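Undergrad: Now for the letters of each chain:
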Amino acid sequence: MPRRSETRVLTLALSLLASLLPAQTLPQAEALWKARRYQDANEVFRDLVAREPRNAMIRVRWGRMYLEHWQADEAERLFDEALELKPDDAGALLGKALVAAEVYSGSAAGFAERALLDDPKLVEAGELLARLALEDDNKSKAEAEAKRALALDANSVQAKAVLATMDWLADKKESPWDPHAAKGYETAGHFFMLNRRYEESIAFYRKAIGLDPQLDSARSQLGVNLMRLGRDEEAYQQLKTCWSNGFQDSATRNSLTLLDSEKNFVTFRTDRTILKLNKKEADLLRPYFEAEMRRAIAVYEKKYRWKLTQPVQVEVYPDHPDFEVRALGMPGLGALGVTFDNVIAMDSPSGRPPGTFHWDSVMWHEMSHVFTLAITNCHVPRWFTEGIAVHEETAASPEWGDRLGPDEIAAIKNHQLLPVAELDRGFVHPVSPPQVVVSYSQAGRICDYITEKWGWETVLAMLRDFGASDDTATVIRKELKMEPADFDRQFIAALEAETKRTVENFDRWKEAIKRIDAASASRNYDDVIRLGSEARDFYPAYVEHHSIYEALAKAYLAKGDKAAAVDLLEQYVHAGGRDPDTIMSLAKELSAAGNRKEAAAVLDRLNYIYPMRSEQHRLLGELWLEQDNSTGAIREFQALLAAKPIDVAGAHYDLARAFNLNRQPEAARNELIDAMEIAPGFRPAQKLLLQLSGAPDEPAATKK
Amino acid sequence: MKLCALLLAYALASPAATYFLTISGLGGEPDYDQRFKMWALDIDSSLKKAGDGNVTTAIAPNREQIRARFQALAGTVKPDDALVVMLIGHGTYDGVDYKFNIPGPDITAVELAALLDRVPAARQCVVVMTSSSGGSIPFLRRPNRIVITATRTDKEATVFARYWAEALRDPAADTDKNDAVSALEAFRYTQRKVTEYFDSAKRLATEHSLLEDTGKGDGERNPSPENGEGRLAAAFTLVRLGANAGAAHDPAKRALLAKKEELEQAIDQLKYEKAGMDAADYRSQLTHLLLELAKAQEALDAPPK
Chain W
0 MPRRSETRVL TLALSLLASL LPAQTLPQAE ALWKARRYQD ANEVFRDLVA REPRNAMIRV
60 RWGRMYLEHW QADEAERLFD EALELKPDDA GALLGKALVA AEVYSGSAAG FAERALLDDP
120 KLVEAGELLA RLALEDDNKS KAEAEAKRAL ALDANSVQAK AVLATMDWLA DKKESPWDPH
180 AAKGYETAGH FFMLNRRYEE SIAFYRKAIG LDPQLDSARS QLGVNLMRLG RDEEAYQQLK
240 TCWSNGFQDS ATRNSLTLLD SEKNFVTFRT DRTILKLNKK EADLLRPYFE AEMRRAIAVY
300 EKKYRWKLTQ PVQVEVYPDH PDFEVRALGM PGLGALGVTF DNVIAMDSPS GRPPGTFHWD
360 SVMWHEMSHV FTLAITNCHV PRWFTEGIAV HEETAASPEW GDRLGPDEIA AIKNHQLLPV
420 AELDRGFVHP VSPPQVVVSY SQAGRICDYI TEKWGWETVL AMLRDFGASD DTATVIRKEL
480 KMEPADFDRQ FIAALEAETK RTVENFDRWK EAIKRIDAAS ASRNYDDVIR LGSEARDFYP
540 AYVEHHSIYE ALAKAYLAKG DKAAAVDLLE QYVHAGGRDP DTIMSLAKEL SAAGNRKEAA
600 AVLDRLNYIY PMRSEQHRLL GELWLEQDNS TGAIREFQAL LAAKPIDVAG AHYDLARAFN
660 LNRQPEAARN ELIDAMEIAP GFRPAQKLLL QLSGAPDEPA ATKK
Chain U
0 MKLCALLLAY ALASPAATYF LTISGLGGEP DYDQRFKMWA LDIDSSLKKA GDGNVTTAIA
60 PNREQIRARF QALAGTVKPD DALVVMLIGH GTYDGVDYKF NIPGPDITAV ELAALLDRVP
120 AARQCVVVMT SSSGGSIPFL RRPNRIVITA TRTDKEATVF ARYWAEALRD PAADTDKNDA
180 VSALEAFRYT QRKVTEYFDS AKRLATEHSL LEDTGKGDGE RNPSPENGEG RLAAAFTLVR
240 LGANAGAAHD PAKRALLAKK EELEQAIDQL KYEKAGMDAA DYRSQLTHLL LELAKAQEAL
300 DAPPK
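Chains as they are written, first to last, in numbering that gives the first Met the number 0: chain W, 0 to 703; chain U, 0 to 304.
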């Protein structure tokens, strides 16, 4: 290590040398960037900014390099700095628009339009507006913007790509706008992905890298889309190639990580289903998922009159970040499940806090996409497939599905619902996060409304029309015999009438909730009952955290009125309440009151919300044993064992009793041996073993 | 094998008394005060239901009152008896000493150890269910004393006591089905419930319970023969869930009892040899032995002719 005096000399020498060298320039930075020497380019940009702190353009170009290098946050910071220096800088505004577009933010178009005001010849801003319009399925705007960009630059690849994609999405084999360029085909691949037409998306990405093997952004998306369709081997190869080439964006990195974690999963195949579960919860979840997949397929095949030609694959992720990787690059926020052709990826019931989601409802929702996508050959618009899926949640069971939420109430009250012909915009480019949730709900209610007023046959006819590439306005005119604007008026009038009481009393309900919480905290149960009884019917659909049902039930329990508490909890469950602790407490109260059959039904419902706790399986198994439902008891005690209970010996014994009742003495003996291997002195198990050894043909009498 | 023999020895010996002292400390705010008191009373109720008469519970006592409780125990408890002390509340550890938060001056782990040492019970179990409780282990550990702590030195309030109370009354805690919950069974039960509590709330676990019963260790998350911890705790009965002591006093059944013991030892031996055996052979021998054991137990349970 040099001494301090030597270091000082060295520093002086380097400074002198730097002052003698010619100053670094913006073209040098750009050249280094184009050569993918990002670190070197970064140094030059930093020096340039230090030398010219008032130059907005340098910051804009630096930001664009960051954006290309998958560092959108840093890029946006530089664009903001540029805008502070020059508030209307077209390049900075375009940068902001590009950052927003990457995450499907509704603000992207506004920034691009402002950029064009500052520089009407900024072709890239026009190209982006065309792309954003097509993402919203606003074809007329997309065409106009693309042609405006082409008027500025007749060779604009992106403008041509948007126009050509519109032709290809409409199933035209040839397009006069074919860009014949790798980046143009990459854009087409993006739109086919967005329209859930993954096979065609893959074909365009292949075409893109066929023309330019160095276009790693397209190769990465090829890998991601192959993974979506379950072609993991090739997906891994393509993504690995990107990684080796230095293309290491989050999609590539996270997808590779997920593919590397395959060893943690196990796949179960039947003739109709492929179920991929994490090994740590596979034994517990498999019976419930497999049975529900088969049931959903059978119901939908009849309802949609469509026979699936291949099994449906469901992938269940206990770690939400893994699921997020599967949904990466898709518009929409906070999704619980996602469908790619016949592959469904979803959160495991263990992947979210208990009571915050209903896994079976999500599975039926996603399964309906498999049908609507297949029937329309993936031509169904997003609002309609999501609307049907939301409709199906409650059609499967009135207790399922998301209820009218505060965001929807606010949207109804403030007249913020989108026209049906523009509803896709709410999914793809929401102006705020709640707009996605509101759009799901609105689409679902539109499908409810069509089903009630025109019948399910009309829904099927609309699906066929969408399959023939008709757009929303055309389909509404054809099947509902009215203009989309008239439909909007009628639908909104019906929705407002249905939700009138809740919308009008929403503020009173909010105030009441606060007072009920305060009364609960101070154990003033008379006030809880008085306030809760008054306010419950203002908003009966509210079953989330701090629901009035639960507060009232607790108050009644505290006052010793168990019957009233049970009545409230039953209302809560029927209204769609999902909190496992509350449902368990209802089952226990019902059981204690002798309503064992109802208690079993309540616990069975819990299995389709949150089946992770051993206690619920033990209780349900016991109730079903009592009710001579040995098949159900076997499933529950097997689930109990799979849930790795504290009392393993007891769980084996319980399963033995169920097998015994089911006249499977050998299986019962095996379970008893397993129980007594852990606890040799386990007397009830010893007694049953002796009984089974004496009279193998008849079920031995057992007791808990 | 040795563990089993030790368990059996305790089961057959004339049961000495077990004395329980539960202390809830200061919560610092009404919610925690209430919670700690509720858990202490829950433990009290579980113990009393199990029929153990020597149960004392103190809610938020000061140092003098705690000293007085220990002094009373020191005068009553005999060397053959067992002592279980359970502390619920907040604790602090500054890297030097552990303190249990009580009204007035806190009580230190050093003082607690001195108070425990004065009680003549040869077998002791101390359960420290507070934040930072792992810091108490170096001061409280001693041969023939089990020290269980709710956490290492983590500072967050713990939920261990809530599930410890459950362990004392839930038959599921009795995993070997001998109608008694040992300190090790209660520790494992509680540890599992606490883990489930954090898992189901999708929260990062902030408490990591430990058990030390060798008199020289730092506490283990998973007591096992490999790390040498848990042997004393396995043989330390906290509560009895049923009547399982009658046969030892009946001379007519001593031969059956001896046969039963022989079979239990043979089963233990077989389980020990399992790894090196053919699976079908192991299963067949195990089934035979378990059936014979069941028959011996049936004969023992039969009313005298």
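Hint data in this document are derived by calculation from the structure and do not stem from the laboratory. All of these numbers come straight from a predicted model, not from anything done at the bench. One or more hints might be untrue.
[Unchecked claim] Simulated crosslink set (EDC-like; lysine to aspartate or glutamate; CA at most 16 Å straight-line):
| no. | chain 1 | residue 1 | chain 2 | residue 2 |
| --- | --- | --- | --- | --- |
| 1 | W | Lys686 | U | Glu272 |
| 2 | U | Lys270 | W | Asp673 |
| 3 | W | Lys279 | W | Asp318 |
Undergrad: Could you run down the list of hints and mark each one as holding or not?
TA: Structure-based check of each hint:
1. W:Lys686 / U:Glu272: Answer violated: Lys686 (chain W) to Glu272 (chain U) is near 27 Å, above 16 Å.
2. U:Lys270 / W:Asp673: Distance of about 12 Å is within 16 Å: holds.
3. W:Lys279 / W:Asp318: Holds - the C-alpha atoms of Asp318 (chain W) and Lys279 (chain W) are around 12 Å apart, at most 16 Å.
The earlier numbered hint that this structure contradicts is number 1, and it is the only one.
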